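Trainee: Below are the chains, spelled out letter by letter.
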Amino acid sequence: QVQLVESGGGVVQPGGSLRLSCAASEFSFRTYGLHWIRQAPGKGLEWLSFIHWDETTKFYADSVKGRFTISRDNSKNTLFLQMSSLRVEDTSIYYCVKEKVTGTEYDKAFEIWGQGTMVTVSS
Amino acid sequence: QSALTQPPSASGSPGQSVTISCTGSSSDVGAYDYVSWYQQHPDKAPKLMIYEVNKRPSGVPDRFSGSKSGNTASLTVSGLRAEDEADYYCCSHAGPYIHYVFGTGTKVTVL
Chain A
1 QVQLVESGGG VVQPGGSLRL SCAASEFSFR TYGLHWIRQA PGKGLEWLSF
51 IHWDETTKFY ADSVKGRFTI SRDNSKNTLF LQMSSLRVED TSIYYCVKEK
101 VTGTEYDKAF EIWGQGTMVT VSS
Chain B
1 QSALTQPPSA SGSPGQSVTI SCTGSSSDVG AYDYVSWYQQ HPDKAPKLMI
51 YEVNKRPSGV PDRFSGSKSG NTASLTVSGL RAEDEADYYC CSHAGPYIHY
101 VFGTGTKVTV L
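Here the protein sequences line up with chains A and B, keeping their order.
Counted the way our numbering counts, the first sequence spans residues 1 to 123.
Counted the way our numbering counts, the second sequence spans residues 1 to 111.
Just chain A, same shape as in the assembly:
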């Protein structure tokens, strides 16, 4: 079963930028739809962004639209999240998540989660 491993988290000042990566352990990564979901400390889950396997479709939550960019490199089995204009309220654990698929149809459910990477926005 595929494993997802996020990296790139850390401490950044408000207004700064950070790039998160998510490495997948399986070759069929290039067939997955992938999401970023975050969780502020002690809080609930928030969906952020989705990318289709071939990058033809990308979606963003309003809270990050225009500031975050999702991308992927299928040749390296890696998903990215470029974050800019970071705010204190962006402080969260960021999860890379594979969407569940049945056949060729997306099930609109989050099947495989990475362990998360912590991003702290603070001056």
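Think of the hints as simulated: they come from the structure by calculation, not from any bench.
This one's a predicted model, so the numbers in the text were calculated from it and none came from an experiment.
A portion of the hints provided could be inaccurate.
Within a straight-line C-alpha distance of at most 27 Å, the following computed DSS-like cross-link-like pairs (lysine-lysine) qualify [said to hold, decoys possible]: (1) B:K68 - A:K65; (2) A:K76 - A:K58; (3) A:K43 - B:K107; (4) B:K107 - A:K65; (5) B:K55 - B:K44; (6) B:K68 - B:K47; (7) A:K76 - B:K47; (8) B:K107 - B:K47; (9) B:K107 - A:K58; (10) A:K43 - B:K68; (11) B:K68 - B:K55.
Covered stretches of chain A, going by a simulated chain B footprint (3 or more residues, C-beta under 8 Å) [as the list claims (entries may be wrong)]: (12) 36-48; (13) 105-116.
Label-pair ranges, simulated between beta-carbon atoms [claimed, not checked]: (14) B:S78 - A:V101: 38 to 44 Å; (15) B:G79 - A:A40: 43 to 49 Å; (16) A:V2 - B:S78: 43 to 49 Å; (17) B:A82 - A:S71: 40 to 46 Å; (18) B:T19 - A:D73: 40 to 46 Å; (19) A:R19 - B:S69: 40 to 46 Å; (20) A:S75 - B:S69: 43 to 49 Å; (21) A:E55 - B:Y97: 25 to 31 Å.
Note that CB positions come from ideal geometry on N, CA and C, so glycine has one too.
Using the hints provided, position chain B relative to the given structure of chain A.
Mentor: Here is chain B on its own, set in the frame of chain A:
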């Protein structure tokens, strides 16, 4: 888009059942059969327990079941076990603009 509403807490003794509600609107839960449920133990990543309202992924015990009526979805855990003590989150597809909305989360305690 507001989060889906869940009770903050629920509890039951071992062997009993507990049901968690997830209330949304006609734009999310009521509009789509794409409600999913996630179990999260402390300091762990969430785990998919139910998708498309009432389907269980491979490996999830049949003690977990889901349903939906109107704008409210529910997760029932039957035959409670100590390992079921965790936070549970619902999630609904919410159309082409909002995409996904999560619930506020429910902490389940096994007494």
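Trainee: If a hint holds in the structure, say so; if it doesn't, say that too.
Mentor: Okay, the hints, checked on the actual structure:
no. : hint                       : in the structure
1   : B:K68 - A:K65              : violated (31 Å)
2   : A:K76 - A:K58              : holds (19 Å)
3   : A:K43 - B:K107             : holds (12 Å)
4   : B:K107 - A:K65             : violated (31 Å)
5   : B:K55 - B:K44              : holds (23 Å)
6   : B:K68 - B:K47              : holds (20 Å)
7   : A:K76 - B:K47              : holds (26 Å)
8   : B:K107 - B:K47             : holds (15 Å)
9   : B:K107 - A:K58             : violated (33 Å)
10  : A:K43 - B:K68              : holds (25 Å)
11  : B:K68 - B:K55              : holds (12 Å)
12  : 36-48                      : holds (count 4)
13  : 105-116                    : holds (count 9)
14  : B:S78 - A:V101: 38 to 44 Å : violated (28 Å)
15  : B:G79 - A:A40: 43 to 49 Å  : violated (33 Å)
16  : A:V2 - B:S78: 43 to 49 Å   : violated (30 Å)
17  : B:A82 - A:S71: 40 to 46 Å  : holds (42 Å)
18  : B:T19 - A:D73: 40 to 46 Å  : holds (44 Å)
19  : A:R19 - B:S69: 40 to 46 Å  : holds (44 Å)
20  : A:S75 - B:S69: 43 to 49 Å  : holds (47 Å)
21  : A:E55 - B:Y97: 25 to 31 Å  : violated (20 Å)
This entry does not satisfy hints 1, 4, 9, 14, 15, 16, 21, going by the numbered hints stated previously.
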